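In order, the protein sequence lines correspond to chains A and B. Under this note's numbering, the first residue of the first sequence carries the number 1, and numbering increases by one thereafter. Under this note's numbering, the first residue of the second sequence carries the number 1001, and numbering increases by one thereafter.
Be aware that a few hints might be false.
What the hints assert, rightly or not - Listed below are the simulated EDC-like cross-link pairs for lysine to aspartate or glutamate, each with C-alpha atoms no more than 16 angstroms apart in a straight line:
id, chain 1, residue 1, chain 2, residue 2
1, B, 1141, B, 1365
2, B, 1214, A, 276
3, B, 1081, A, 119
4, A, 273, B, 1183
5, B, 1173, B, 1206
6, B, 1202, B, 1167
7, B, 1172, B, 1210
8, B, 1340, B, 1358
9, A, 273, A, 2
10, A, 273, B, 1210
11, B, 1409, B, 1139
12, B, 1350, B, 1338
By construction, these hints were calculated from the structure, which means they are not laboratory data. Every value quoted in this text rests on a predicted model; they were computed, and no experiment measured them.
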Amino acid sequence: MDLDALGSCLATPACVVTQTTSGLIVGMLLFLVAAGVTLIFGVLKIVNFAHGTFYMLGGYVAYTALGVTDSYTLAVLSGTLAMALFGALFERTLISRFYGANVLMQLLICYAVVLIFDDVVKIVWGPEFHAMGMPPAFQVPPFFIAGGVVPPFYAVLIGIAALIAIVLGLGLSLTRFGKTVRAAAINPQMVSTLGVNTTVLFATVFAIGGGLAGLAGALAAPVRSLSPGMGFSILIESFIVTVIGGMGSVAGALVSALLIGMVRGFGTIGFPKFTDGLIYIVMIAILILRPQGLFGRRS
Amino acid sequence: MSGLTTRRTVLAGSAASLLASPWVAKAEANTLRIGMQSILSGPIALLGTSSRNSLIIEQDRINTAGGFLGRPIEFVFRDSKGQPQEAARLTRELVNSTGCELLIDAEASSGSFAVQEVVRDLGVACIHTNSETSSLTADPKIRAPTAFRVARQGVHDAVAGSIHLADYANAKKLNKWATCSPDYAYGRDTTAQYLQFFKQFKPDIEIVGEGWPKLGQPDFTEVITKLIQAKPQALFTLLYAGDLSAFVNQGNVYALFSQMTVATPNVDYPVLAAIKNLPAGIQSATRYLETFPDTPANKEWGQAYLKRWNERPTNWSWQNSVAMHFYEEAIKKANSLDAKALAAALTGMKINSPFGADGTITMRDDHTMVGYAIGWGQTTPKEPFIVDVKAADWGKIIELETEWKKQQKYI
């Protein structure tokens, strides 16, 4: 524990800006994955343990698409759309057969999918890591705010994730589709009785969740090594985000992802040997104070 | 007609199979299985795959030369995914269920310590080919009677690297250093060794920051920004393979390498190839370099590997190749596959090798090899990738290693 270093950092604008940027990029990428997890749970009551696989495949598809198109934008779009399609297929062909099933059965199915696609990645892309490399447009020096370092690539990533958060928030609260999704989260039988095609609705929700995870994987690919099994580490943190934010709450996912990001960003200064532990301490503290999570509803 | 032909073919094939099957079974029974488990998937799969590639080349070479004691050899490869408990389980399975008579443990240190205990229990012959943590063989309590290490050792690299880095730091007036190494036995122990010797050669250095990312951690942002806050003049890192690649790519985003000099002993050819924007001038050890030692035998081996696998070898590749040469010589000497007989033959054995500093490598009494080529130079984006390589002084390495062992109460 180095509280002096933390105090000194918090008193220095340059340190605050640098660590805040660090926290934002970690948090926003986590949000994109966790938003899908929480959305799927909110509507379908399915804990999608295979969500990390969407993140992994999104990165790999983007990596291949970049090689074909030489365009990072098209690569990101490919990763996102491919995972949206994969999400819908996953829901229709597998998950839909296990609605209402024991959570252990859901866990088993999802875990099987994780293992199968880890092996598929090994066969298709090889077992070793791949690095996409930074797109030429972002191979520029970082800019400085109050002496703090802000990488342009991360600024763009944070902007995209923030835009997604706004679109998702407004879409769920203002559009007819969003209202239907929220209604289905509360009472799916009633929504179905009122004539809404819940088959399409559920597949769409899975497609959105998968697409968001694919987007996160594709956006992160230029800086993170791509390797089989890479989805697992982000899955654990995205579940922490989902639990802290409140299962089913997209707003909660955003707030808690940013909270985890900041704990990582500043925790590494003040608690360098306990940063991971600190995240779990925060989770436990929040769950003691609010067992339903920050934005969750009491059941 | 075709149906008749098919029936005849099937009948003839069946008869041939019946007649041949005892011979096939006998040949299979005669085959000497060698178990190898390693990290064959994930961010540091390079460790396992480049080891496996090298062993396949060795398998072909040895079988062409008549095998071991007249028996063809066959490797059985298993993926531990870097999990120590899985490495230990696989070791038992390879010996007890798969019938492997010799073992190559190509795990990183995280797995090798677990494998060591299984080897001690089973009493099988084993060569660790990738674990660099010194205590695996240096600590007599951990050393196992039938287990040997054919891998570079942290303490050797620490002495060689510290001498080079002290000279470099003095020349460039670099006193403020930070470290960033993986958070497990190899990273912690070897960083401590480097710092101990570095301070011995340059007492005025100050460590202003430390980063300990997890093995296979996807995001290094918090570590990088912490290093930026610490404002070191130079950074020493033991990250490797996919982790090193991700760290460099994420560090480039923050222009980290324009703010500090970087030193690492862990740059290998495939990592150089995977890092898209490799900063020039990284102070680097030669883990494997075709041009160091600059001999025809070394170049020939590197080119043969490249031709076979369409990629360049790593440090782990040559270590696994040397391990098989040690097995080969020990089996000839002992005329046996018995683990105790092999252990006696291996102890003190010296073999000719293109990877030796003087053309030879010795298996010392403490079950670890010495005399392999160690050099330090600086990276360049094009071939030969590391230039201005200076060879380490093995006399100094042994002298300081002995001091270190005394401090640790190993001797």
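What hint numbers does the structure not satisfy? As far as the earlier hints go, 7, 8 and 12 are violated by this structure, in ascending order.
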